[in-house]
Amino acid sequence: MDKHKIAVDVSNVVKVYGPRKTGFKALDNISVQIKDNEFFTLLGPSGCGKTTLLRMIAGFETPTEGSIKLHGQELGTLPAHKRRVNTVFQNYALFPHKTLIKNIAFGLEMLKWPQDEIDVRVQEMLELVQMESVGSRYPDQLSGGQRQRIALARALAPKPEVLLLDEPLSALDLKLRQAMRAELKDLQKKTGITFIFVTHDQDEALEMSDRICVIGKGKIQQVGTPQEIYEYPVNAFIADFIGETNFVDVEVLAVNGSKAHINTPMGLQMNVTQANAVVGEKAQLSIRPGKIVLGKLDNAIGLKGVITYKSYMGDNTHFKLDVKGHQGLVVSEKHTSSDHNRFNIGDTVDISFYEDSTRVLGQ
Amino acid sequence: MKRPLANFLGLAPAYVIMLFLMIIPLFIVFYVSLMSSDPYGGFKPIFSLDSYIQIFFAEDWDGVMQLDLQYLWIIVRTLTLSTIAVVLCLLLSFPVAYYISRQPNNRKALWLFFVTLPFWVSMVVRVYAWIIILADDGVLESGLRMTGLVGDIDSMLYTNGAMLVGMIYSYIPLMILPIYASIEKLDGNLIEAANDLYASRIKTLFTVIVPLCKPGMVAGAILVFVPCLGTILEPVLLGGGKKLMLGNLIYTQFTTARNWSFGSSLAIVLLCLVVLILLVNARRASQTQMGGA
Numbered sequence: 001m002d003k004h005k006i007a008v009d010v011s012n013v014v015k016v017y018g019p020r021k022t023g024f025k026a027l028d029n030i031s032v033q034i035k036d037n038e039f040f041t042l043l044g045p046s047g048c049g050k051t052t053l054l055r056m057i058a059g060f061e062t063p064t065e066g067s068i069k070l071h072g073q074e075l076g077t078l079p080a081h082k083r084r085v086n087t088v089f090q091n092y093a094l095f096p097h098k099t100l101i102k103n104i105a106f107g108l109e110m111l112k113w114p115q116d117e118i119d120v121r122v123q124e125m126l127e128l129v130q131m132e133s134v135g136s137r138y139p140d141q142l143s144g145g146q147r148q149r150i151a152l153a154r155a156l157a158p159k160p161e162v163l164l165l166d167e168p169l170s171a172l173d174l175k176l177r178q179a180m181r182a183e184l185k186d187l188q189k190k191t192g193i194t195f196i197f198v199t200h201d202q203d204e205a206l207e208m209s210d211r212i213c214v215i216g217k218g219k220i221q222q223v224g225t226p227q228e229i230y231e232y233p234v235n236a237f238i239a240d241f242i243g244e245t246n247f248v249d250v251e252v253l254a255v256n257g258s259k260a261h262i263n264t265p266m267g268l269q270m271n272v273t274q275a276n277a278v279v280g281e282k283a284q285l286s287i288r289p290g291k292i293v294l295g296k297l298d299n300a301i302g303l304k305g306v307i308t309y310k311s312y313m314g315d316n317t318h319f320k321l322d323v324k325g326h327q328g329l330v331v332s333e334k335h336t337s338s339d340h341n342r343f344n345i346g347d348t349v350d351i352s353f354y355e356d357s358t359r360v361l362g363q
Numbered sequence: 001m002k003r004p005l006a007n008f009l010g011l012a013p014a015y016v017i018m019l020f021l022m023i024i025p026l027f028i029v030f031y032v033s034l035m036s037s038d039p040y041g042g043f044k045p046i047f048s049l050d051s052y053i054q055i056f057f058a059e060d061w062d063g064v065m066q067l068d069l070q071y072l073w074i075i076v077r078t079l080t081l082s083t084i085a086v087v088l089c090l091l092l093s094f095p096v097a098y099y100i101s102r103q104p105n106n107r108k109a110l111w112l113f114f115v116t117l118p119f120w121v122s123m124v125v126r127v128y129a130w131i132i133i134l135a136d137d138g139v140l141e142s143g144l145r146m147t148g149l150v151g152d153i154d155s156m157l158y159t160n161g162a163m164l165v166g167m168i169y170s171y172i173p174l175m176i177l178p179i180y181a182s183i184e185k186l187d188g189n190l191i192e193a194a195n196d197l198y199a200s201r202i203k204t205l206f207t208v209i210v211p212l213c214k215p216g217m218v219a220g221a222i223l224v225f226v227p228c229l230g231t232i233l234e235p236v237l238l239g240g241g242k243k244l245m246l247g248n249l250i251y252t253q254f255t256t257a258r259n260w261s262f263g264s265s266l267a268i269v270l271l272c273l274v275v276l277i278l279l280v281n282a283r284r285a286s287q288t289q290m291g292g293a
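One line per chain: the protein sequences are D and A, in this order. Under our numbering, think of the first position of the first sequence as 1, with each following residue one higher. Under our numbering, think of the first position of the second sequence as 1, with each following residue one higher.
Any given hint might turn out to be false.
In silico lysine-lysine, DSS-like type, Cα no more than 27 angstroms apart, as pairs [stated by the list, open to error]:
1. D/K304 <-> D/K35
2. D/K102 <-> A/K108
3. D/K5 <-> D/K219
4. D/K112 <-> A/K203
5. D/K304 <-> D/K320
6. D/K185 <-> D/K69
7. A/K214 <-> D/K102
8. D/K35 <-> D/K5
9. D/K159 <-> D/K5
10. D/K82 <-> D/K102
11. D/K282 <-> D/K296
12. A/K108 <-> D/K159
13. D/K159 <-> D/K102
14. D/K82 <-> A/K203
15. D/K112 <-> A/K108
16. A/K44 <-> A/K108
17. D/K102 <-> A/K242
18. D/K304 <-> D/K259
19. D/K296 <-> D/K5
20. D/K259 <-> D/K310
21. D/K112 <-> D/K190
Which bits of chain A does chain D cover? Going by a derived footprint, with three or more residues having C-beta under 8 angstroms, they are [claimed, not checked]:
22. 39-46
23. 186-196
No lab work stands behind these hints: they were computed from the structure. Backbone N, C-alpha and C fix where the C-beta goes; we use that ideal spot for every residue, glycine too.
Just need the whole structure built from these sequences, with the hints factored in.
Structure representation (structure tokens):
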């Protein structure tokens, strides 16, 4: 398959629940193109409309306005059972009255595959998800992780053009969830099927996705690779939602292409990568806690601060510091040894960060 | 189970009720069925299997026992009509239950109220109403004649069909409610999953919804079948008293015929039929239980 072909083309989709004019606008003018063979994630807080978009692609809901195309074919009001897409549901929705084999075979039977081909395909799927030995069991005899795999096998068996995954990992416990991330990613590479994955978990999104589409308040906030989203958020919503960050209110003095000249309350004037900054309007400087170092660095911006809070987090220690002009600056110091009592509450310490690890974000 | 006495005392009211209202009366019926009948009514405490033999044989003028199928025929009619009533109830109830379950929440309560509404009126009155509907020149016949589609119709009242209509009408709520409950319990995602896996609406109905509603359908079938077996009113009012069912036969033995032993043996036969059917059902349920159905 051509890697750059568009698998799903969502253009100007609006979804309103209730009356068109006054109802609740779940999605507001969404346009996004999902490429073939891509692990594409719809990421956003709960209630942001990401699941609605997924359900519209699946055919469980119809857009109020706009169009959705699957490999160039307009889906419109085509019913779900005629769309070459399959869904992995959040609660798996395995048929409790059918064996696992029958569950996986269901879609193939509906597509009227010959029985011998169904048998072969089901076996293939069971092997793919490493569940060969349990095919004759019923879903309620499985653990959560096993059900998850069967749900995947069932959805992949009919060779859909696109696989939709609706928060499939949220019902699993932490360890299993982390293991399944790698498995899912691997499965996507092996099958070459386009995955559209819905989640509210930023770690999941960052770890698995080729590209992430961040949705907030019914609108697309940013589409990009995990690195782009994390390192170059285009607004404060994304910087805040993906990872942790410190926001410092700043004054924009000048905007010069991708850079902005700003005045900070710490008394520093900086020249920083910007997004949507406008001279004279409010803007925020975003500094990730992990990119601030306690101590001095060469060619970095140096400040002094007083530690007001300290919290041991295992991998790292979180500090809150008061610096001149800004209170509660969060700094995360990674532990490189077991001795992490260098600093204590009340200490005055040097802090440093590189200018190019900060961003100025307009409203 | 650490304090068996306390447990026993706690459950004692249940045991007492079971003992006095179920087990003892049942034994009395069984006992009477094994006694010989008294020509002057009631029974004589002399052991005899006559009342069971009487179900299949009758004494002719010469005092010879002859095979007589008239009672057996009543049993067969009872089973046949009850089975047909159950099947028709099932077919009628499923769409109704499904429709109600798809209504918005505030409407559901209203529809369920309508389903149970007939229970607020005396059974006799309700069955009597069907006489007015089915009678010659009754509501139904004159209505049909008014449409001009049908000419003369054979009498509808006092037929097996009329009895069936009465039975279905009387007991259909007992079918609708458990089916409704099992449809309500159905996970909506399963229906979406079936659609997603290329099953049309009809296919989804028969491959997912119906199989998963089987517990409700089984419960409803039992709830309808059992009272149908023992029904008395419909044969009397709508069957014209000529097409007896087992319930009527038993009733007659204790009232007009005053043959208690025979009435008791018929009651035991009815009970055995019911238990047999429940057992078969229970076995099938335990076999399919694994699938959650």
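Verification of the hints:
1. A distance of roughly 48 angstroms separates the Cα atoms of D/K304 and D/K35; the hinted pair therefore is violated under the 27 angstroms criterion.
2. With a C-alpha separation of about 34 angstroms, the suggested pair D/K102 and A/K108 falls outside the 27 angstroms cut-off, and the hint is violated.
3. This hinted pair checks out: D/K5 and D/K219 have alpha carbons roughly 24 angstroms apart, not beyond 27 angstroms.
4. Straight-line distance between C-alpha atoms of D/K112 and A/K203 comes to about 12 angstroms, which keeps the hinted pair within the 27 angstroms bound.
5. Simply put, D/K304 and D/K320 have alpha-carbon atoms about 13 angstroms apart, close enough for the 27 angstroms limit, and the pair holds.
6. Our distance criterion of 27 angstroms between C-alpha atoms is met by D/K185 and D/K69, whose separation comes to about 25 angstroms.
7. Distance restraint check for A/K214 and D/K102: the Cα-Cα separation of roughly 18 angstroms lies within the 27 angstroms cut-off, and the hinted pair is therefore satisfied.
8. For the given pair, D/K35 sits about 6 angstroms from D/K5 by alpha-carbon distance, which is consistent with the 27 angstroms threshold.
9. Between D/K159 and D/K5 the alpha-carbon distance is near 18 angstroms, which keeps this suggested pair within the 27 angstroms criterion.
10. Among the hinted pairs, D/K82 with D/K102 is consistent with the structure: their alpha-carbon atoms are about 21 angstroms apart, no more than 27 angstroms.
11. Taking the CA atoms of D/K282 and D/K296, the gap is about 30 angstroms. The hint is violated against a cut of 27 angstroms.
12. Taken as a hint, the A/K108 and D/K159 pair is broken in the structure, with Cα atoms around 40 angstroms apart against an allowance of 27 angstroms.
13. Between D/K159 and D/K102 the CA atoms are separated by roughly 17 angstroms; this keeps the pair inside 27 angstroms, and the hint holds.
14. For the given pair, D/K82 sits about 13 angstroms from A/K203 by alpha-carbon distance, which is consistent with the 27 angstroms threshold.
15. For the hint pairing D/K112 with A/K108, the CA-to-CA distance comes to about 37 angstroms; that exceeds 27 angstroms, so the pair is violated.
16. With a CA separation close to 56 angstroms, the supplied pair A/K44 and A/K108 exceeds the 27 angstroms bound.
17. Annotation: proposed proximity of D/K102 to A/K242 is violated, straight-line Cα distance about 52 angstroms (limit 27 angstroms).
18. Using a Cα cut-off of 27 angstroms, the hinted pair D/K304 and D/K259 holds, with the two alpha carbons roughly 26 angstroms apart.
19. For the suggested pair D/K296 and D/K5, the alpha carbons sit about 49 angstroms apart, so the restraint of at most 27 angstroms is broken.
20. The hinted pair formed by D/K259 and D/K310 fails the criterion: a straight-line CA distance of about 34 angstroms is larger than 27 angstroms.
21. Annotation: proposed proximity of D/K112 to D/K190 holds, straight-line Cα distance about 25 angstroms (limit 27 angstroms).
22. Counting residues of the region 39-46 of chain A whose beta carbon lies closer than 8 angstroms to any beta carbon of chain D gives 0, which falls short of the minimum of three for the stated coverage.
23. Figure legend: the region 186-196 of chain A, annotated as covered by chain D; annotation consistent (8 residues with Cβ-Cβ distances under 8 angstroms, at least 3 required).
Taken one by one, the earlier hints fail for this structure at numbers 1, 2, 11, 12, 15, 16, 17, 19, 20, 22, listed in ascending order.
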